[in-house]
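Participant: If you're matching them up, the sequences are chains A and B in order.
No gaps in the numbering here: position 189 of the first sequence is 189 in the working numbering, and each next residue is one more.
No gaps in the numbering here: position 83 of the second sequence is 83 in the working numbering, and each next residue is one more.
No wet-lab data here; the hints were simulated from the structure.
All C-beta atoms in this analysis are idealised placements derived from N, C-alpha and C, irrespective of residue type, glycine included.
Just to be clear, a hint being listed does not mean it is correct.
Claimed, not checked - Chain A stretches covered by chain B per the calculated footprint, using a threshold of three residues with CB under 8 Å from any CB of chain B:
1) 121 to 134
2) 153 to 164
Said to hold, decoys possible - Here are a few chain B residues that sit away from chain A, every Cβ distance over 12 Å (derived from the structure):
3) P17
4) R27
5) R39
6) W44
7) T75
8) Q79
9) D80
10) L81
11) S91
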Amino acid sequence: MPGTSLVRGFVVVLAAYAAGAAWYALNFWVPPALRAEELSGGGLIAFMLPTLAAVVLYLFDTFESRRPLWSREPGDCAATERILFRIIVFIAGLHALVLLLVTEVLWVRHWGLQLAFVLIGALLVSVGNLLPKTRPNVLVGIRTPRSLRSRHFWMEINRAGGYVSVALGLLIIVAAVGLDYPVVRQFTAVAALTALGVLVERYLALARTSERV
Amino acid sequence: MKRSAPSPNVFRALADPTRREILQLLRKGALNSGEIADRFEATWPTISRHLAVLHAAGLVRSVRHRQEVRYELNTSVVQDLAHHLIDLVASLPHVEAKPPTSAKATVGKQEA
């Protein structure tokens with residue numbers, strides 16, 4: 001039986017589908033140049049992201065039903081489920097942003113792009129915050145042969161990953177709010193590469209320590 | 001519809017210096033309650049009560065390992081930051097830190 005976070009995830013996906021269907025069916029409300037039938041792939045815009053979210057949920061639910069194979073502790077899955085819910089909310093938020101841009105509710109396009117970066121930053125912060133609570137699993141976290149072999153190493157590297165993810169997310173949000181779009185894109189690329197470097201360095205340091213113990 | 005009981009405040013759990021020390025200890029790895037109690041002057045039942053408060057706040061998890069129950073750290077990044085912030089404020093010279101011996105009284109008060 002799916003947990004509370006998964007049930008909420010299904011509700012969010014249904015809402016995203018409903019929003020997409022409403023946009024597709026009531027396209028006479030949008031400016032003529034942007035009517036669904038005149039857009040190449042109106043259906044794609046209406047349903048692609050909710051379908052992606054539904055597929056992610058379905059796959060997770062399938063894996064969760066096989067949980068006893070890869071997780072022995074009953075509470076191990078709670079953080080993973082909560083992270084999945086945040087990913088679903090992110091996809092739904094992106095979907096809403098696309099619909100708002102297409103219907104010209106958000107009339108300045110680069111604001112929309114900056115909002116997309118805010119969403120990405122928020123996802124990194126909320127997922128990174130929960131990353132230290134995850135335990136070895138098949139879907140979410142820093143999964144390497146070493147981290148899957150040792151529960152302690154998993155907890156340490158995912159704690160480090162959580163810190164890096166939260167810091168990167170906050171930087172991206174601040175940059176998206178304070179900088180112009182092209183600069184935000186470059187800033188995000190540099191920040192993401194730096195974060196990856198920090199994480200790799202931390203991984204190697206933790207691996208060396210665990211070898212010594 | 002059955003409603004679950006509200007979990008104790010995380011900040012209340014972090015307010016006690018002994019509980020913060022337990023969290024610090026668990027960073028190095030999972031331990032059972034006896035191993036944790038060995039590192040404190042307080043008695044084992046007192047440490048057990050502290051662990052119960054941390055467990056109820058969701059800051060530690062109990063995991064069955066062979067015949068024993070081990071406790072492992074279960075804090076999020078924000079809870080970690082709150083932990084460090086409270087530690088920092090408590091270490092400031094003008095803030096009088098509670099001696100660890102008063103931990104028993106704090107737990108007793110919360111339970112009441």
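Participant: Would the least Cβ to Cβ distance between R39(B) and chain A come out above 12 Å?
Facilitator: Non-interface label stands for R39(B): nearest chain A Cβ at 18 Å, farther than 12 Å.
Participant: Measuring Cβ to Cβ, find out whether S91(B) lies farther than 12 Å from everything in chain A.
Facilitator: 21 Å, holds
Participant: Looking at D80(B) again, its CB stays over 12 Å from all of chain A?
Facilitator: 7 Å, violated
Participant: Is the listed coverage of the region 153 to 164 of chain A by chain B valid when you require three or more residues with a beta carbon under 8 Å from a beta carbon of that chain?
Facilitator: holds (count 4)
Participant: Is R27(B) truly not at the interface, in the sense that its beta carbon sits beyond 12 Å from all beta carbons of chain A?
Facilitator: R27(B) not clear of chain A: closest Cβ-Cβ about 8 Å, inside 12 Å.
Participant: Over 12 Å to the closest beta carbon of chain A is the bar; see if T75(B) clears it.
Facilitator: 6 Å, violated
Participant: For the region 121 to 134 of chain A, do three or more residues have a beta carbon lying closer than 8 Å to a beta carbon of chain B?
Facilitator: Holds, because 6 residues of the region 121 to 134 of chain A bring their Cβ atoms closer than 8 Å to Cβ atoms of chain B.
Participant: Does the claim that W44(B) lies off the interface hold, with its Cβ farther than 12 Å from every Cβ of chain A?
Facilitator: 24 Å, holds
Participant: Taking C-beta pairs only, is P17(B) more than 12 Å away from all of chain A?
Facilitator: Given that every Cβ of chain A is farther than 12 Å from that of P17(B), nearest at about 22 Å, it holds.
Participant: Should the label of L81(B) as a non-interface residue stand, given a Cβ cut-off of 12 Å to chain A?
Facilitator: 9 Å, violated
Participant: So is Q79(B) really clear of chain A, every C-beta pair being over 12 Å apart?
Facilitator: 9 Å, violated
The structure shown violates the earlier hints numbered 4, 7, 8, 9, 10.
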